[in-house]
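Based on the provided sequences and hints, a complete structural model is requested.
Residue numbers (the UniProt record's numbering), protein chains in the order written: chain A, 1 to 783; chain B, 1 to 290.
Because the hints were derived from the structure by calculation, they are not lab data. Hints should not be assumed to be uniformly reliable.
[To be verified] Taking lysine-lysine and the DSS-like style, the derived pairs with C-alpha atoms no more than 25 Å apart in a straight line are: (1) A/429 / B/276; (2) A/375 / B/276; (3) B/216 / B/201; (4) B/204 / B/184; (5) B/147 / B/209; (6) A/426 / B/276; (7) A/48 / A/122; (8) B/184 / B/170; (9) B/209 / B/184; (10) A/231 / A/242; (11) B/204 / B/216; (12) A/36 / A/48; (13) B/276 / A/412; (14) B/188 / B/141; (15) B/170 / A/426; (16) B/147 / B/215; (17) A/429 / B/170.
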Amino acid sequence: MNWLRNSPIRVSLRGRGTTSSPPKECDPAACFDSFKHHWQQAQNIINKIQGGTEGATQDDILSVVNNLDQMQTLLVLELKRGGREERACLDFLLSQSILDQLLTSSSLTGLYSNILRLEQLKVYEMLLTHAPQQQLLLTQEPFLRPLLRLLTSCINECFPADIEKRLILLLNQLCVCLTHNPEYLDLFFTESTGPGRFVIFSLLVPYVHREGGVGHQARDAMLLCLGLSKKNEALASYIADKSNVCPVLATGLSGLYSRLPRKLLIESEEWHCFTPDDVIELPELTHFLASLEFCNAVVQVAHPLVQAQMLEFVHHGFLVPVVGPALLQNMVDELVTSTAYLELFFRSISEPGLLKVFLRFIVVDHYDGERVIDKLISRLSGKTQLCMVTISLFNTLIGLHCEDVMLELVFKYLTCCTHVMLSQRKRIKDMDVYCRSAERLLALSVAVPRRRKTNSSSSSAGSLSSQSSQSLRHVSLHGDFGAYLVTARASIAATWLACGAWTHAYDGESPPPRTALVLPTDSNRNLAQKATEESLASVSSGYHSLQPDSEVREDSPLVTNRSSAPSFHSTPDIGPFLDLLLRQLENMMTNSVYLNLQLTGLISRLAAFSQPLLLSLLLNHSLVFQPSVRSLFQVLGSLKQRLDAYLSRHDNVEELLLEARLFLVCREESLANAKRHPHEPAASTYAPSTNGGSRRGTSIADSSFKGEAKRLSISSALSVLKRATQGAFSPVREQPAIEYSANGFRLAKRAENSELKNVVLCAVLFDEWLKELAALALEHGSE
Amino acid sequence: MPRSPPKRLAHSLAMDSSFSPIEEEELEAVAEPLKRQGSIRKVLPATPGVPDPAKLVERTNSLPGIRSTSQYGPYFTEYSLIPEYNMLQGCAIPGVYCVPAANTPLMWFGVIFVRQGPYVGGVFRFNIVIPENFPDGGCPKVEFQSKLFHPQISPEGDFNIGRGFSEWNKNMHHIWQVVDYVRKSFLKIDPGQPVNEEAAKMYKMNHEKFMAEAKKCVSLSIQRIYDLSPTDDPHYISFEPFDSKTHESLREKIYSQESSSEDSRGLSWVASNSTKPFSVPISGVIQNSS
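Below you can see the structure in the form of structure tokens.
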């Protein structure tokens with residue numbers, strides 16, 4: 001490790017330092033004399049070395065170092081004592097150009113140059129720490145000149161760990177000092193460092209990927225420099241044009257990404273995104289996220305010039321060559337992984353500029369004519385793990401409340417208003433004043449067939465219910481409709497606030513329906529069709545008679561149709577995203593409960609948007625849509641019919657429903673416990689072990705999993721619970737909820753074995769979701 | 001009609017502390033569009049005493065299959081009334097303030113500061129009583145708390161709302177219209193179909209005497225302005241004399257809220273003339289979401 005650590009020099013230094021330390025309280029004049037004396041001795045040796053031919057011996061160096069130590073101790077005493085007139089030692093140090101002499105001598109000491117370098121670094125650090133007005137030191141030529149020369153001499157050098165540590169500490173100190181006194185920044189752009197060169201920053205760059213305390217301090221210092229660049233053009237142009245920090249960071253991301261596992265051992269059917277525990281279990285991922293967070297912080301603090309360059313490099317050096325291919329490959333297992341990574345990245349970054357680059361990448365960039373977003377949307381169908389993580393990704397994307405994303409996924413298909421019957425268009429903005437939509441939603445609740453209970457079954461069910469209703473009545477959060485209302489209200493308000501900067505209202509008038517018909521399309525072959533559409537729009541009344549409205553789209557391979565012609569569609573529809581979500585919803589009875597939780601959570605999230613075009617499609621019961629368009633109400637109505645019909649054919653449904661409800665209530669309770677006692681003991685140690693730069697504002701533990709605490713809807717709450725109680729890569733742990741109902745209903749394990757039980761769970765979830773939607777409808781109506 | 005904010009402010013500040021000054025401010029801000037933050041404020045707590053119908057566990061014991069949505073009735077009533085209240089706030093009817101009772105959404109406390117006409121200077125309290133099955137139960141009632149000599153107000157204080165709303169049409173009528181009708185009835189006296197015959201007669205026959213009676217009502221209302229609340233409902237509108245120690249900080253708060261504008265947040269790179277994602281030029285402003 002460190003050659004110096006166990007060397008005899010080091011040991012002897014330590015020994016002498018302690019024995020001959022000067023007394024704490026001593027006469028300033030005596031101190032000054034002592035100081036001069038020590039310097040005299042050191043200088044003699046230095047002169048001897050410089051004059052001689054044999055070079056320095058170990059004893060020479062020891063002696064110089066020892067004298068310097070004494071001088072430092074005296075300086076500290078003097079500086080601590082304060083008093084402007086009594087800075088004899090410091091004045092002497094500066095007036096005699098002692099620092100210059102030291103620097104010159106250290107270059108001649110050959111083998112021992114690092115020892116003297118270390119001493120010098122310590123002297124500067126000590127002066128900056130103890131000088132009452134450190135910034136004034138920077139204006140002293142005898143201080144600054146040798147400092148800059150020393151730093152310049154460190155460029156491109158490899159140092160032992162203790163010098164690295166001192167160097168980074170000193171650089172950090174200088175950055176802090178300059179941050180407080182940015183007016184002295186220009187002093188660091190001198191001829192001696194090379195034209196326009198900011199030596200502090202150059203020295204920091206090699207440490208940017210370093211782990212541990214040194215890397216930490218280097219990144220902190222670098223962020224300070226970047227922050228300084230915001231107001232200093234010279235520094236900004238140096239960082240952007242002359243330093244290689246942006247490519248180093250961006251290619252660093254690529255390198256770290258390539259080290260991430262390509263496949264995950266996912267043992268749990270319900271896993272759909274990385275939890276904090278998962279991240280901790282994957283050191284490569286932890287390291288990657290730390291780097292990504294640092295990029296986020298750089299973009300946050302840097303000058304626009306640096307920011308733009310950084311984003312450019314992230315785009316061309318990381319997203320396009322690395323993330324894109326990972327998301328478009330054919331290996332399903334690896335797609336699951338890369339999709340989950342992408343989802344985690346979106347949770348980890350917060351800077352609008354960086355978010356924009358990521359979002360642009362998936363929405364705009366083409367790979368062989370295909371966009372990432374189209375591929376992602378196509379993966380919304382099916383019942384696979386890939387579908388789960390994709391839904392989770394879209395949940396996160398929509399949770400960004402970014403207009404461009406919502407425009408791409410939803411509004412681009414709705415702004416032309418062709419999905420609504422012409423006569424209904426002015427009703428898009430109508431408010432549901434007297435709660436009729438909520439009433440209709442609640443009326444869709446599943447009808448429970450009434451059966452005569454046998455003695456045995458009723459007793460077991462009875463005991464279950466009495467136990468649980470005693471213990472759970474007060475902890476169950478969402479059994480209470482009022483709680484749904486509170487959640488809905490918070491969710492709508494948060495969404496509304498987050499859409500404050502949107503350009504358009506999406507109310508059927510802004511943007512005007514006519515311009516909306518000019519859909520963004522990038523393939524030339526659609527131009528002719530586009531033109532036709534436009535001319536049709538100007539005579540919009542005849543539009544639908546020209547189109548084969550009666551053409552019923554086949555149910556199965558819609559996805560492939562879409563991806564082959566993603567830019568336009570002949571029959572009025574609501575776009576592939578909403579269409580696939582509603583199709584997936586139609587399969588609710590055969591979907592796993594976990595998929596249904598994700599799916600309903602995503603649709604509820606969409607239903608929290610107040611933009612009339614989307615709100616009317618999801619929650620207006622009376623709006624009449626084109627025959628080719630399915631509305632949420634239609635799907636829910638048909639689901640209710642099928643659920644009712646299915647359940648009426650089976651016995652014991654009532655009992656199973658009760659057990660399923662208890663199961664869900666128990667999970668809610670566990671969730672509440674998990675929230676009260678966070679199941680992430682390592683999360684607190686994790687946050688500081690990333691690059692923890694104080695400038696970044698949020699630690700990863702806060703920012704990546706932001707919003708977790710806010711999600712209280714049944715669907716998302718349960719999924720949070722799952723994440724909290726069950727590591728994705730460890731075998732399914734026994735959960736209290738499962739144990740609790742173990743005598744009757746081991747849901748997590750057996751649901752897949754039993755179609756009936758799955759349908760029953762679906763029915764319970766459906767009922768609860770209707771309440772959630774009704775609550776959203778009520779809250780929208782009362783805005 | 002000219003409004004006199006300083007005077008009103010003093011009064012409003014003197015109201016019970018549970019009465020949020022924000023509502024006051026919204027009423028002031030007639031020209032401004034309705035502020036969302038204030039308007040989604042829940043003012044109507046669930047009706048007490050009604051067993052919670054939606055409890056997950058309990059519900060399984062209820063009659064299966066016949067679950068009517070009527071169990072959500074109280075919620076629907078409340079959520080039908082919230083838009084009504086929001087509309088009333090949005091209208092900012094001059095000189096009239098209303099706040100729903102804390103204990104029930106079906107009773108709103110109101111106070112009117114009359115600024116013109118025979119009752120000018122009067123400060124009259126009234127209650128709006130809303131039928132339980134609103135919006136289907138007919139017209140809300142308006143009951144005045146102070147003694148009023150007025151052709152359209154009975155000696156018991158009941159306002160003759162049927163004169164203006166013979167039949168309540170929920171698709172056309174809203175509570176703010178009732179309040180506005182009440183306000184107007186103090187400006188221009190309508191002696192037709194009176195519920196106080198004597199007042200109507202006097203208005204037509206002996207105008208001077210009627211004006212004197214109205215003045216009496218006004219001075220009586222001012223005398224009793226600081227009367228203690230007859231109810232324990234915390235939303236009852238009560239007054240106290242302006243005291244800078246207690247009220248100045250509130251007043252400052254109101255002014256500071258008036259000046260502070262909410263900065264818009266959120267992510268958008270859609271150009272204003274475009275419906276294309278990321279259509280704002282690269283050099284465009286990046287919205288800050290911090």
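Pairwise hint evaluation, residue 209 of chain B against residue 147 of chain B, where the allowed Cα distance is 25 Å at most: With Cα atoms ~17 Å apart, residue 147 of chain B and residue 209 of chain B stay inside 25 Å; holds.
25 Å limit on alpha-carbon distance, applied to hinted pair residue 204 of chain B and residue 216 of chain B: holds, 18 Å
Given pair status - residue 170 of chain B, residue 429 of chain A, alpha carbons within 25 Å: Answer holds: residue 429 of chain A to residue 170 of chain B is near 19 Å, not above 25 Å.
Satisfaction of hint between residue 184 of chain B and residue 209 of chain B, Cα-Cα up to 25 Å: Judged against 25 Å, a Cα distance of about 21 Å means the pair holds.
Agreement of residue 188 of chain B and residue 141 of chain B with the hint, judged by alpha carbon distance not exceeding 25 Å: holds, 21 Å
Pair hint outcome, residue 276 of chain B versus residue 412 of chain A [Cα-Cα no greater than 25 Å]: Holds, at about 8 Å.
Pairwise hint evaluation, residue 276 of chain B against residue 429 of chain A, where the allowed Cα distance is 25 Å at most: Holds. Residue 429 of chain A to residue 276 of chain B sits at ~23 Å (cutoff 25 Å).
Pairwise hint evaluation, residue 48 of chain A against residue 36 of chain A, where the allowed Cα distance is 25 Å at most: Distance ~18 Å between residue 36 of chain A and residue 48 of chain A Cα, so the pair holds.
Pair hint residue 147 of chain B and residue 215 of chain B, alpha-carbon separation not exceeding 25 Å: With Cα atoms ~12 Å apart, residue 147 of chain B and residue 215 of chain B stay inside 25 Å; holds.
Agreement of residue 170 of chain B and residue 426 of chain A with the hint, judged by alpha carbon distance not exceeding 25 Å: The given pair, whose Cα atoms are some 20 Å apart, holds under the 25 Å limit.
25 Å limit on alpha-carbon distance, applied to hinted pair residue 48 of chain A and residue 122 of chain A: It holds: about 24 Å lies between the C-alpha atoms, which stays within 25 Å.
25 Å limit on alpha-carbon distance, applied to hinted pair residue 204 of chain B and residue 184 of chain B: holds, 18 Å
Violated hints for the displayed structure: none, as all numbered hints are satisfied.
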